[in-house]
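Following the hints, complete the assembly by docking chain B onto the known chain A.
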Amino acid sequence: EDQVTQSPEALRLQEGESSSLNCSYTVSGLRGLFWYRQDPGKGPEFLFTLYSAGEEKEKERLKATLTKKESFLHITAPKPEDSATCLCAVSTPTDSWGKLQFGAGTQVVVTP
Amino acid sequence: GAVVSQHPSRVICKSGTSVKIECRSLDFQATTMFWYRQFPKQSLMLMATSNEGSKATYEQGVEKDKFLINHASLTLSTLTVTSAHPEDSSFYICSASTGGHYNEQFFGPGTRLTVL
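Order-wise, the sequence lines are chains A and B.
Numbering-wise, the first sequence is residues 1 to 112 according to our numbering.
Numbering-wise, the second sequence is residues 1 to 116 according to our numbering.
The following block holds chain A by itself, in its conformation from the complex (with noise of 0.2 Å):
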């Protein structure tokens, strides 16, 4: 059975304090690892998508890295506008419409 596991739960950061957070996934095959940020009574926005191990991307303050197991978010440097809930989701061949798994999320909390 497919699994996409997000770590920690929660995390709190003093303003400044470089982290990472992490997305294991367990899947018969994967298409395509998205990353988004998602603000309390928002929808999610759109961060990154990795597809294949050894890739990179970066944005302002995050990059996203993807091995054959698990994927990372590493917030340097974060501010306070930065406190969002980090979700992690996954794609897989078998469902030919591009259907999303998602992990629980990460509930970042960067204080000043």
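Treat the hints as calculated values from the structure; they're not laboratory data.
Built from N, CA and C at the ideal position, the CB exists for glycine as well.
Take every hint as true, because none was put in to throw you off.
Okay, derived cross-link-like pairs now, EDC-like style, lysine to aspartate or glutamate, Cα gap no bigger than 20 Å in a straight line:
1) A:Lys63 x B:Glu104
2) A:Lys99 x B:Glu52
3) B:Lys55 x B:Glu22
Residues on chain A that point at chain B, a partial pick, calculated with CB under 8 Å:
4) Gly32
5) Pro44
6) Phe46
7) Thr49
8) Gly98
9) Lys99
10) Gly103
In silico contact screen, one side only, chain A against chain B (beta carbon under 8 Å); selected entries:
11) Leu87
12) Trp97
13) Leu100
14) Phe102
15) Ala104
16) Gly105
Frame of chain A; chain B shown alone:
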């Protein structure tokens, strides 16, 4: 690019009434759209996959007669919650897929439904 809108953003209705939620891809054509439901402090739960011009595919446990989905064009899908009851109160979110090799999903801002 890749903007998805939802309307309304918030709706309050009486028990027994039906509510329609619209999802539009504003700057791209979406062959496939998805409808999710999200409970407080939980992750997204996929309800159904909607393909333009064909019947929606519902996830196990989702009542298709309760949650009617129509995907009449490449930029519009609608979700109608029929005979709504308080237990249907939730945050409903749609997403639209770019298709092709990358097949990325972009999400709407969500609709908060409260049934009294």
